[in-house]
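Use the sequences and the hints to build the structure in full.
Listed below are the residues making up each chain.
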Amino acid sequence: MTRASGPSAPSLRSGRAVSRRLSARLGIIVLAVAVTLPATAQQRQVPLATQVAGLVNDGLDLERDERYPEAAEIYRSALRIDPVNVSALLGLERVLKASKQPTLMPQLVRALARDPRNTVFRAMELRAWVASGPADSVAAAARRWIALAPESPEPYRGWSQALMQSGQLDEAQRVLTEGAQRVGQEQLLPDLAQLSAARGQWLEAARQWHSAVRGVDALTEGATETLNQAPAGQRDAIRTLLTKTLGDPSARRMAADLELAWGRPVQAWVLMDGAVPQDRAVAAQALERFSDRAAVLRTPQGHRARAQALDRLASVTTGVAQERARVDAARAYADAGERDAAEKMLQRLAADSVRAPTGAAAAMVTLIDLLARSGRVEEAEAQYREWNGRMTYEEASGLRNRIAWGWILQGDFLTAKTVIADDSSIASLAVRGWMALFNGDLKLATKNFRAAGPLAGTRDESIKRTEIAGLIQRIEPDSVPEFGKAMYLLARGDTAEALVQFAVAADSLPPRGGRADVLFYAGRVAKAKGDHTRAQPLLLGVLAADPTGASAPVAEFNLAESYSLAGKPRESIKHLEHLILTYPQSALVPEARRLLDQERGKVPRS
Amino acid sequence: MKRRHFLGSLAAGLAALAGRGAHAMAPVPRVIGGRDDSVAGWLVIPMDDQQPEQLKAYGLIYRALKAGNRTEWLLNYRAGTFLMERDPAVEKDAALSGVQTEFATDSDVLDIRAQIASSNMDSIPLEKAPKIGVYQVRDALPWDDAVKMALEYADVDYDVVWDAEVLGGKLKEYEWLHLHHEDFTGQYSKFFLNYAGQPWLNTMIRNNEEMQRQWGYPSVPEEKKAVARKIRQYVQDGGFLFAMCSATETIELALAAEGVDIAAAYADKTPADPAANAKMHWDRTMAFENAHLELSPSIASFSDIDGHQVNNLPLRQPLGAFKLFNFSAKIDPVPSMLVQCHKQIIPDYYGLTTSFMQRRLKPGVIVLADEPGAPWAKYIHGDYGTGTWTFLGGHDPEDPQHQVGDPPTDLSLHPKSPGYRLILNNVLFPAAKKRELKT
Numbered sequence: 001m002t003r004a005s006g007p008s009a010p011s012l013r014s015g016r017a018v019s020r021r022l023s024a025r026l027g028i029i030v031l032a033v034a035v036t037l038p039a040t041a042q043q044r045q046v047p048l049a050t051q052v053a054g055l056v057n058d059g060l061d062l063e064r065d066e067r068y069p070e071a072a073e074i075y076r077s078a079l080r081i082d083p084v085n086v087s088a089l090l091g092l093e094r095v096l097k098a099s100k101q102p103t104l105m106p107q108l109v110r111a112l113a114r115d116p117r118n119t120v121f122r123a124m125e126l127r128a129w130v131a132s133g134p135a136d137s138v139a140a141a142a143r144r145w146i147a148l149a150p151e152s153p154e155p156y157r158g159w160s161q162a163l164m165q166s167g168q169l170d171e172a173q174r175v176l177t178e179g180a181q182r183v184g185q186e187q188l189l190p191d192l193a194q195l196s197a198a199r200g201q202w203l204e205a206a207r208q209w210h211s212a213v214r215g216v217d218a219l220t221e222g223a224t225e226t227l228n229q230a231p232a233g234q235r236d237a238i239r240t241l242l243t244k245t246l247g248d249p250s251a252r253r254m255a256a257d258l259e260l261a262w263g264r265p266v267q268a269w270v271l272m273d274g275a276v277p278q279d280r281a282v283a284a285q286a287l288e289r290f291s292d293r294a295a296v297l298r299t300p301q302g303h304r305a306r307a308q309a310l311d312r313l314a315s316v317t318t319g320v321a322q323e324r325a326r327v328d329a330a331r332a333y334a335d336a337g338e339r340d341a342a343e344k345m346l347q348r349l350a351a352d353s354v355r356a357p358t359g360a361a362a363a364m365v366t367l368i369d370l371l372a373r374s375g376r377v378e379e380a381e382a383q384y385r386e387w388n389g390r391m392t393y394e395e396a397s398g399l400r401n402r403i404a405w406g407w408i409l410q411g412d413f414l415t416a417k418t419v420i421a422d423d424s425s426i427a428s429l430a431v432r433g434w435m436a437l438f439n440g441d442l443k444l445a446t447k448n449f450r451a452a453g454p455l456a457g458t459r460d461e462s463i464k465r466t467e468i469a470g471l472i473q474r475i476e477p478d479s480v481p482e483f484g485k486a487m488y489l490l491a492r493g494d495t496a497e498a499l500v501q502f503a504v505a506a507d508s509l510p511p512r513g514g515r516a517d518v519l520f521y522a523g524r525v526a527k528a529k530g531d532h533t534r535a536q537p538l539l540l541g542v543l544a545a546d547p548t549g550a551s552a553p554v555a556e557f558n559l560a561e562s563y564s565l566a567g568k569p570r571e572s573i574k575h576l577e578h579l580i581l582t583y584p585q586s587a588l589v590p591e592a593r594r595l596l597d598q599e600r601g602k603v604p605r606s
Numbered sequence: 001m002k003r004r005h006f007l008g009s010l011a012a013g014l015a016a017l018a019g020r021g022a023h024a025m026a027p028v029p030r031v032i033g034g035r036d037d038s039v040a041g042w043l044v045i046p047m048d049d050q051q052p053e054q055l056k057a058y059g060l061i062y063r064a065l066k067a068g069n070r071t072e073w074l075l076n077y078r079a080g081t082f083l084m085e086r087d088p089a090v091e092k093d094a095a096l097s098g099v100q101t102e103f104a105t106d107s108d109v110l111d112i113r114a115q116i117a118s119s120n121m122d123s124i125p126l127e128k129a130p131k132i133g134v135y136q137v138r139d140a141l142p143w144d145d146a147v148k149m150a151l152e153y154a155d156v157d158y159d160v161v162w163d164a165e166v167l168g169g170k171l172k173e174y175e176w177l178h179l180h181h182e183d184f185t186g187q188y189s190k191f192f193l194n195y196a197g198q199p200w201l202n203t204m205i206r207n208n209e210e211m212q213r214q215w216g217y218p219s220v221p222e223e224k225k226a227v228a229r230k231i232r233q234y235v236q237d238g239g240f241l242f243a244m245c246s247a248t249e250t251i252e253l254a255l256a257a258e259g260v261d262i263a264a265a266y267a268d269k270t271p272a273d274p275a276a277n278a279k280m281h282w283d284r285t286m287a288f289e290n291a292h293l294e295l296s297p298s299i300a301s302f303s304d305i306d307g308h309q310v311n312n313l314p315l316r317q318p319l320g321a322f323k324l325f326n327f328s329a330k331i332d333p334v335p336s337m338l339v340q341c342h343k344q345i346i347p348d349y350y351g352l353t354t355s356f357m358q359r360r361l362k363p364g365v366i367v368l369a370d371e372p373g374a375p376w377a378k379y380i381h382g383d384y385g386t387g388t389w390t391f392l393g394g395h396d397p398e399d400p401q402h403q404v405g406d407p408p409t410d411l412s413l414h415p416k417s418p419g420y421r422l423i424l425n426n427v428l429f430p431a432a433k434k435r436e437l438k439t
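Protein chains in written order, with the numbering used here: chain L, 1 to 606; chain C, 1 to 439.
FYI, nobody ran anything at the bench for these hints, they're computed from the structure. Among these hints, one or two may not hold up.
[Said to hold, decoys possible] Covered, in the sense of this in silico footprint (three residues per stretch, anywhere, with C-beta under 8 Å from a C-beta of chain C), are these stretches of chain L:
(1) 192-200
(2) 210-220
(3) 588-599
[Unchecked claim] If you want the ones that stay clear, here's a sample from chain L, every Cβ over 12 Å from chain C, calculated:
(4) E73
(5) N118
(6) D236
(7) A237
(8) R264
(9) G375
(10) R385
(11) G398
(12) A469
(13) E497
(14) K602
Note that beta-carbon positions come from the ideal geometry of N, C-alpha and C, so glycine has one too.
Rendered as structure tokens:
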């Protein structure tokens, strides 16, 4: 069922609240009719319109609760006050259809008597006849409409759509053909295209959409929505038709939109790049639409295509729009992992922003963050000092912590401490916790992580901090410099050396006082890096250190996964079977069974 | 007399003495689940909603039979539960597969047998794991055949057989044969025009043409007709045939079209005989009669046997739900076995052949499931010679709108799929000890 939406649609409310409001509303109607009888028409108009709007909203609420008979009664009440209220009439049509109740003809006849040329009412009349009446009634209703509006494509459109919705495709074709002869084919091209698609004639649909889009560029979206549904087997033929047989810019833009819909952003941008309209305003519109659609993909290639479109958009716009496009392009490049391109874009923006400084500070936050992340900490700090006066407190604090983290990674803990010395934010407490951890001071690290709480930094950072806090709680000694060193090496990206240090740290710990946990953590790190040669002995070490501990089943599952990823199904199966039979109460058993099925080739790999 | 047969007889006697009617429905006795370190007693594999891995349970029983265990299929008792003597190997297998088992004492089993004796239930002994052949081109991926997916998921052994094995007389080695998305009219599922140039279609055509040349038939349609006749002979000689999707309809059309050209020109270089409908030999088919052919090469529909006509848009019917019939377990054990399920109403799903118009069924065909109020059946069964055939419409019970190129169905997400259970009922059905059937 189609439901009304948009800014006027009210939020969902409980059934009881709606019922209370409905009773009050019906009371108001009775009162309003009684009280306002002697009033002038002008005085009556305002409260009645408001009441009708309220009734329509109540009807929508009831529809959402699937209380169709009650909703129908409310819509009928609204129509008794205002017989030509389109929203109420459409609502009544929806709920009658949903509750499989008979016709809405009485209300529709009243509406048509007042406004016979209303295209919405006429289309509803057709739908009503198609759903319930004999074929000649449908045709008669359509002919009445045509007689009233002989030059309009709307009767043919409404008629054919009603027929299509009831599966009468041949009849719909006949109607559209007649309409095309009477009012011209151009006006009915989108309808012909939709009909072709419904018949599975995808190439014909593409041709018709192309003709429609060439006349009205805004129809591209509708074209994509329809052609996007073409079966995979038809897509190559559609591509060839649009890019080679037809090949003009509008056909290539349609193809670009379709490639995005089919998840091929690289090919999409190649097509779009060569088909940007000459007119700057039209070009801006097309590029904005392309970038919005590319953003939906959320893949590196999608981000890159979006960045390229925004980059190009910046070249056809000026002023604030240009600045906005560059900031968005920089972010999209950064999301695509193309830091150099993002940085270039931001530097260009910063240089131009002398004239328009409003967006420059926001752009510089991104630039400084990029510099700090890429190890150019000194440069980042210099830029930060120059710009921090024009940033918000949150932006400046975030950058300070990013810069401090940059210094930590360079081994300069002292400068890092200096950078955040005056910062009392929870994010800086988290940074202090990491510094303590890297020094092997597990007690201080725990204290700072607790003080930082779960809200410091991004969600990923919070999860990582919580995981490490949980791990160090299970380590008996308060100070383990080897473990701190291993964590620091890991933070710097030296995984191989970190794994060696984790093993050294584990050896220094009691089997149930942290050894199994540290080995498990190290094993998972190695596995996540794809280093199965190192992961497997570490995870086996967990089983040897504490075979009955809480880490044992999860370590064995990770071990099985590691063997699976390393292409050793036999070992994987052995450990999965052992896990299922040895730890039958473990929450991992269902997951282990699933992996076991995959290893045996019983289900496809997800 | 074996002990459990004695117990069964005793229970039946007690029930009779208590004066219960044959179809009285008493509360179902339950047994205790959980760990039991002793090895004596019975193992119950429930098949009602308590069973989290219903599909794998069939695999467990199949493997137990293969290992030499004897099992009983308790028709209509907790949705077709299985009962066997305890065996540590089976219990280990169940634990690994996630199949829930319950332990029962002799006294528990006595209660169960009493319940069976006094209700519309029966106990069918399963004695031998059937040897299974799945008809499919050898290098096909398993994901486009619901039965192969079910067999793989349940871990049931099968061999792949195709035209060479069928024409070479190897079918007699198998007790159960499955056909799925095959077009025995030799028209490549009538995808030829809509999917021209697709690599999978090219491979299909190449494989079929090579086979036709190798066996010396003038065209692929003629070679497929010969395969269909061999399969019919297999059933006549006592084989169990189970078919789904387009295989159901096209094998019948191929059998009826002996000597009649019903194939489009792209398949055999000559257009279909315009008078083909009048020349069909419906006395040579197993299930259908008097159907009208769809001779247009561009419409991926074969005849009016299918009620849903998924690829014939003007005639396409929406999906509803189908209902399994409730047979008398003691009088009609075969249909009862085929409809054992924890759900009686199952959402429908499309296939190139989705359903079977009732007016096209031959007299004597047993309808196992239909859509109430609709003119079609979904699941049908019948005898032919000394064998049986069972046809289930649709392509994939858990992918109602299955399209070419869709990702494979992951059955671990549907471990209690009622549609897939119907398929697996058919796998175990040939394992039942043959006895005089009253149907």
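Each hint tested on the structure:
1. 192-200: It holds, with 3 qualifying residues against the three required.
2. 210-220: Check failed, 0 qualifying residues.
3. 588-599: Answer holds; 6 residues pass the 8 Å Cβ test.
4. E73: With a cut-off of 12 Å, E73(L) remains clear of chain C, as the shortest Cβ separation is near 30 Å.
5. N118: 32 Å, holds
6. D236: Check fails; 8 Å does not lie beyond 12 Å.
7. A237: For A237(L), whose nearest Cβ neighbour in chain C is about 8 Å away, the distance does not exceed 12 Å, so it is violated.
8. R264: The claim holds: R264(L) sits with its nearest Cβ about 15 Å from chain C, beyond 12 Å.
9. G375: 42 Å, holds
10. R385: It holds; R385(L) is separated from chain C by about 54 Å at its closest Cβ, greater than 12 Å.
11. G398: 41 Å, holds
12. A469: About 35 Å separates A469(L) from the closest Cβ of chain C, which puts it past 12 Å; holds.
13. E497: 40 Å, holds
14. K602: 5 Å, violated
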